[in-house]
Amino acid sequence: MEISTEKNLPTPEKFIIPEKLLEDPEALDQWAVQQSSAQLEKGAETAADLSLTLETAKKANNPMAAKQAESLLSETHKAIEEFGQEMGAEEVEIHSDWLDSQKREQRIAKLKKALSQKKEEELKAGIDPGSPEAASLAATKMTELEYKASEQKSKKLTQEERRKTENMLQMMQERLNNARTEDEKEHYAREVERCRKKLAA
Amino acid sequence: MPKNQKQMKKIVKLLNKFNKKLKKIETQSLKLQKKLSK
Chain A
2 MEISTEKNLP
12 TPEKFIIPEK
22 LLEDPEALDQ
32 WAVQQSSAQL
42 EKGAETAADL
52 SLTLETAKKA
62 NNPMAAKQAE
72 SLLSETHKAI
82 EEFGQEMGAE
92 EVEIHSDWLD
102 SQKREQRIAK
112 LKKALSQKKE
122 EELKAGIDPG
132 SPEAASLAAT
142 KMTELEYKAS
152 EQKSKKLTQE
162 ERRKTENMLQ
172 MMQERLNNAR
182 TEDEKEHYAR
192 EVERCRKKLA
202 A
Chain B
31 MPKNQKQMKK
41 IVKLLNKFNK
51 KLKKIETQSL
61 KLQKKLSK
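So the protein lines, in turn, are chains A and B. If you want the numbering used here, it's the position in the first sequence, counting the first as 1, plus 1. If you want the numbering used here, it's the position in the second sequence, counting the first as 1, plus 30.
Just so you know, these hints were derived from the structure itself, not from any lab. Please note that a few of the clues may not be correct.
No more than 27 Å apart at the CA atoms, straight line, and that leaves these computed lysine-lysine pairs for BS3-like [what the hints assert, rightly or not]:
id: 1; chain 1: A; residue 1: K113; chain 2: B; residue 2: K39
id: 2; chain 1: A; residue 1: K165; chain 2: A; residue 2: K186
id: 3; chain 1: B; residue 1: K39; chain 2: A; residue 2: K43
id: 4; chain 1: B; residue 1: K40; chain 2: A; residue 2: K15
id: 5; chain 1: B; residue 1: K47; chain 2: A; residue 2: K113
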């Protein structure tokens with residue numbers, strides 16, 4: 002369930018409209034979508050973290066801490082939902098998974114699993130959870146996960162790219178058939194091969 | 031769909047509101063985690 006590739010965007014202290022984009026409405030729109038996605042992803046990470054804290058509190062038989070974690074978790078869910086709806090109302094393109102509570106839960110569960118693995122690794126490495134070392138390890142781990150996901154995504158050609166490459170292949174094949182000189186034949190054969198390889202990737 | 035400046039200002043306001051809320055929750059969450067790890 003790939004939602005955002007923008008989650009590693011640094012969060013500024015305060016958001017301001019980027020001046021360099023002011024003259025380009027489409028770029029501004031894209032900026033709003035990216036920032037919203039990144040913020041929603043951060044919200045989901047917070048929810049996943051709180052969900053783990055809730056489990057820890059329950060295991061530690063600490064009802065007061067569990068209650069506090071539950072309350073913070075519900076506050077996070079509410080904030081994500083409200084933000085998604087408000088952005089949607091402003092016609093910012095929000096991924097439907099953020100607006101569907103069930104799908105959102107699935108996304109958070111996935112993040113929780115990754116976070117849980119990371120915390121286990123911290124314990125094994127003797128790093129105190131919550132310390133700067135742990136935060137650094139967490140950032141590395143999440144970046145690795147995101148990198149792997151984006152790698153897989155980028156390997157697949159988008160529909161638009163595929164259509165363009167298919168058209169190009171057809172054109173190059175026609176040119177190859179009509180080629181007169183050896184040089185032309187060689188050149189178009191290379192182009193045909195290149196398009197085929199791209200489509201097969 | 032491209033937005034006008036008024037819409038963008040509202041969007042930025044919403045981003046800041048959500049960011050502030052998240053930061054507040056994160057701070058409380060960290061405090062809770064510290065308490066539990068003691």
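Cross-check of the supplied hints:
1. A/K113 <-> B/K39: 34 Å, violated
2. A/K165 <-> A/K186: Holds. A/K165 to A/K186 sits at ~22 Å (cutoff 27 Å).
3. B/K39 <-> A/K43: Satisfied, since the Cα-Cα distance of roughly 22 Å is no more than 27 Å.
4. B/K40 <-> A/K15: 14 Å, holds
5. B/K47 <-> A/K113: 25 Å, holds
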